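K.L.:
Top line first, the protein sequences correspond to chains R and L.
Mapped onto the working numbering, the consecutive letters of the first sequence carry residue numbers 1195 to 1289.
Mapped onto the working numbering, the consecutive letters of the second sequence carry residue numbers 13 to 221.
Hints listed in this document are in silico derivations from the structure and should not be mistaken for laboratory results.
As the structure is a computational prediction, the values presented were derived from the model and not from experiment.
Among the hints, erroneous ones may be present.
Claimed, not checked - Here's a subset of chain L near chain R, in silico, CB distances under 10 Å, partners left out:
{"id": "1", "residue": "Ala22"}
{"id": "2", "residue": "Val25"}
{"id": "3", "residue": "Pro104"}
{"id": "4", "residue": "Gly107"}
Stated by the list, open to error - Each pair of labels, with its calculated beta carbon distance range:
{"id": "5", "chain 1": "L", "residue 1": "Ser44", "chain 2": "R", "residue 2": "Ala1237", "range": "21 to 31 Å"}
{"id": "6", "chain 1": "L", "residue 1": "Ala29", "chain 2": "R", "residue 2": "Val1266", "range": "16 to 26 Å"}
{"id": "7", "chain 1": "R", "residue 1": "Trp1279", "chain 2": "L", "residue 2": "Gly113", "range": "40 to 50 Å"}
Using N, Cα and C, we set each Cβ at its ideal position, and we do this for glycine too.
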Amino acid sequence: MVAVTSGLAAWVGSRHGRGRPRALGAALRRACELVGLSVAFLALNLVVGVTAVLVIRRATGAFLSMYLNADVTLVALSVLQAAVWQWWRSGDGGE
Amino acid sequence: MRAAAGPGRAATVLGAATVVFLAVAAFTPISSWLHARLREPGPAAVDADAIVVLGSGVMPEGELSDHSLRRLVEGVRLQRRGVAPLLVVLGPSYGGETEAGLRARLAGDLGVAATAIVVEPEGRTTAEEAVRVAALLRARRLRRVALVTGVHHLPRARRAFAATGLEVVAVPVSERSGRPRRPGDRLALVWVLAQEAAARLLYRAAGAF
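Bound conformation, chain L alone (with noise of 0.2 Å):
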């Protein structure tokens, strides 16, 4: 049977190359080279006028998702040490009480003073929480943050805050291994990466940076 011509074969070609891309992408370290290219390194030391907890969900049943949590420990461990002595936590209602509600009440269970914490809650997008909490500090005159949250997000989060004027100490959060094992973890890195590389163009495209 000869291969179909046109479109058919230009689809034949597509779906081969796809079937080697994902072979490769869940049978060889590959999604471990390029995390391990794309991230951004903690700093060294970390010492900032707030720290600003990005958003990340909540479940249905109205606890912190497995992300969101992680992100807030970190940033109540820094707050706890001293790193800054405002705790920002963001986070929007998902039908329920706001993520940065639900935040500011386990960093108060916590140990961080209710005085420290500032809560927004009306930033639904990363460019939104950049404004709002640019604006949030500057009434404060503060400017440099501890910018706390995933991995993956921040290099778009760190550019997206940095344009609205605030000086910018990248923190990032582990929110899947950067070494899976699994094809299938590998495969769930890759999409993870390819989807905030499209965010960023999405992002640069509408100017947020």
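Just chain R, same shape as in the assembly (with noise of 0.2 Å):
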């Protein structure tokens, strides 16, 4: 399905916008720099949510929960700071 979409997408580009094939392995490039700078801030966060976790228990007395850092908008956060970060240091402001 997504092979699907993904190649018509392809073509569209190549025939009705300004997409070149070789801008294309360009931007898979891009997505997987993307990927894994999401990656990096994802441990980045559990790093700090479990420490912060620790550290709140012990200095307050008060309970949290250790799965609090597993809920899944850690991941969507974390792909939105990666993004901005990404399109921030390349310099793309929309321009």
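Could you use the hints to bring the two separately framed chains together as a complex?
P.N.:
The following block contains the structure:
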């Protein structure tokens, strides 16, 4: 299913848009970079989150579940962080 | 366009490896293989001083979560079959009635005598549950427990309870399929396995076992 829609998008992009076949390779590399940055941000968020839970438990006596760090929204937010960081570093301010 | 140098290239390689990993995890049976390798088999026969049902959660509506219910049903089933005279139910409060209290009521409704049910609602983590149950059973001169919990949680739970000096018979409860058919379910299984692996590292670092 994804292969079909990706192929369709590539055809539309090359026939009717400005997509050049060579630029597709660069786009795939940027996508991989985005995924890698997302993994890095996720790892960082998890380290900070686990540490925060342990520190709060120890310092205040209050109980926070460690499973708060396993919420799926953390993955989505990590991807968002990675995207913003990637675009900011590459100067892609929408121009 | 040249590939970005330094950190950019590292991120690209990491990203490509992640995509390959996710594709393998989602579209091959590797999650089932990991599950089969890491799960502890249930005992052929169970004989214990007490059945201990570990906590799992309560829904915001005040009802036992699916996992909590599965664990409790297995505990009640063992108790009704005569595996042990005592049923210890665990689980703290999540804002309303404690999970242990809810479980005790349901166990009673399912035919377990009130005198056979022990409620322990204070443990908030597996390690705390282990320490509190060990103290409770030591006071009654009991030490062999049938430990009922999710199949993926069991290796860590067993070690935590054994570290308190209790003799543990592990009773795994299936809480999700070990042979998922859909890519999303396979990824969810890998996520659960990864969580438990991380939790085991944390427990080992904290000296829980």
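K.L.:
Decide, hint by hint, whether the structure agrees.
P.N.:
Each hint, compared with the structure:
no., hint, verdict
1, Ala22, "holds, 7 Å"
2, Val25, "holds, 7 Å"
3, Pro104, "holds, 8 Å"
4, Gly107, "violated, 12 Å"
5, L:Ser44 with R:Ala1237: 21 to 31 Å, "holds, 26 Å"
6, L:Ala29 with R:Val1266: 16 to 26 Å, "holds, 21 Å"
7, R:Trp1279 with L:Gly113: 40 to 50 Å, "holds, 47 Å"
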